[in-house]
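Participant: Listed here are the chains, written in short residue letters.
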Amino acid sequence: MFPTPHLLKARLQVGGWINARILKDHSKRVAFAANEERRQALRFIARNTQIPQLQRLKAQLELNAMPSNTRPTQIVNRCMMAGKGKGVFRDFRMGRFQFRLNALEGNIPGVKKASW
Amino acid sequence: MAFPVARERLLQLYKLRASIFNTTFNPSNVRTGNKYLRQRLKGKSLADYYPPRTVTVADMRRIWPELGFIDEQEQARVDAVERAKARGKGAPKKIRVKPDKPTKKKK
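In order, the protein sequences belong to chains A and B.
Heads up: the first sequence runs through residues 1 to 116, numbered per full-length UniProt numbering.
Heads up: the second sequence runs through residues 1 to 107, numbered per full-length UniProt numbering.
Where hints are given, some of them may not hold.
To be verified - PhoX-like, lysine-lysine: derived pairs with alpha carbons at most 20 Å apart:
#, chain 1, residue 1, chain 2, residue 2
1, A, Lys24, B, Lys42
2, A, Lys24, A, Lys84
3, A, Lys24, B, Lys44
To be verified - Now the in silico label distances, taken between C-beta atoms and shown as ranges:
#, chain 1, residue 1, chain 2, residue 2, range
4, B, Thr56, A, Gly106, 49 to 55 Å
5, A, Leu12, B, Lys85, 35 to 41 Å
6, B, Ser28, A, Pro72, 29 to 35 Å
7, B, Ala80, A, Val111, 33 to 39 Å
8, B, Val81, A, Ile108, 37 to 43 Å
Keep in mind the hints are simulated off the structure, nothing from the lab.
Here the structure is a predicted model, which is why all the values come from computation and not from measurement.
We put the beta carbon where it would ideally sit given N, CA and C, even for glycine.
Given only the sequences and the hints, what does the whole structure look like? Please build it.
Facilitator: Written out as structure tokens, the structure is:
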């Protein structure tokens, strides 16, 4: 049987270019995905004015007490080629310099240097 | 021609419209939190941002050492060393001479 990362029991589930910040960001993404439904349920209870005030307060407190890693605002789109956290194009998941390098090399389909 | 319509009449219309098109009827704009139930879950797409780990040649070499997957980088290094040796440009041999004095111990 052909080995897959899952069968390899690889500790890293991220491929490509890796650094500690990318791994950190990835772990936040996984944590957010695992807790998203709970967060939304708590948000619904806390924001619903037709629910008793005490229950809403409890939901809000529980939401506040959740680990910060489960918050979507902790997630930062990083360059998947170089791990940069700023100047990253959302559409290409690449920082501006990596985008330039790869575009000039022709690695990004449909991207062409403008000239007129 | 515009003419005033009673608010109750309008509300009746909105209620009927909501029942027909199966939409919410919330004339006083109470915050019901439905917004959060309607939102799509985006965790999966966010978690898939970075490319997943794939099986590499190094993995295959580790699993099936008998199949002889070549480590190209290591092979290139070994070749370069051999080439250098053939030209007499290899690394110098280690000088094996005992030091005459034992170095002073530092306190």
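Participant: Give a verdict on every hint.
Facilitator: Hints and how they fare:
1. A:Lys24 <-> B:Lys42: holds (19 Å)
2. A:Lys24 <-> A:Lys84: holds (13 Å)
3. A:Lys24 <-> B:Lys44: holds (17 Å)
4. B:Thr56 <-> A:Gly106: 49 to 55 Å: The hint (49 to 55 Å, Cβ to Cβ) is violated, given that Thr56 (chain B) and Gly106 (chain A) are roughly 24 Å apart.
5. A:Leu12 <-> B:Lys85: 35 to 41 Å: Distance hint for Leu12 (chain A), Lys85 (chain B) holds at roughly 38 Å.
6. B:Ser28 <-> A:Pro72: 29 to 35 Å: Holds: the Cβ-Cβ distance is about 31 Å, inside 29 to 35 Å.
7. B:Ala80 <-> A:Val111: 33 to 39 Å: holds (37 Å)
8. B:Val81 <-> A:Ile108: 37 to 43 Å: Given about 39 Å between the Cβ atoms, the range holds.
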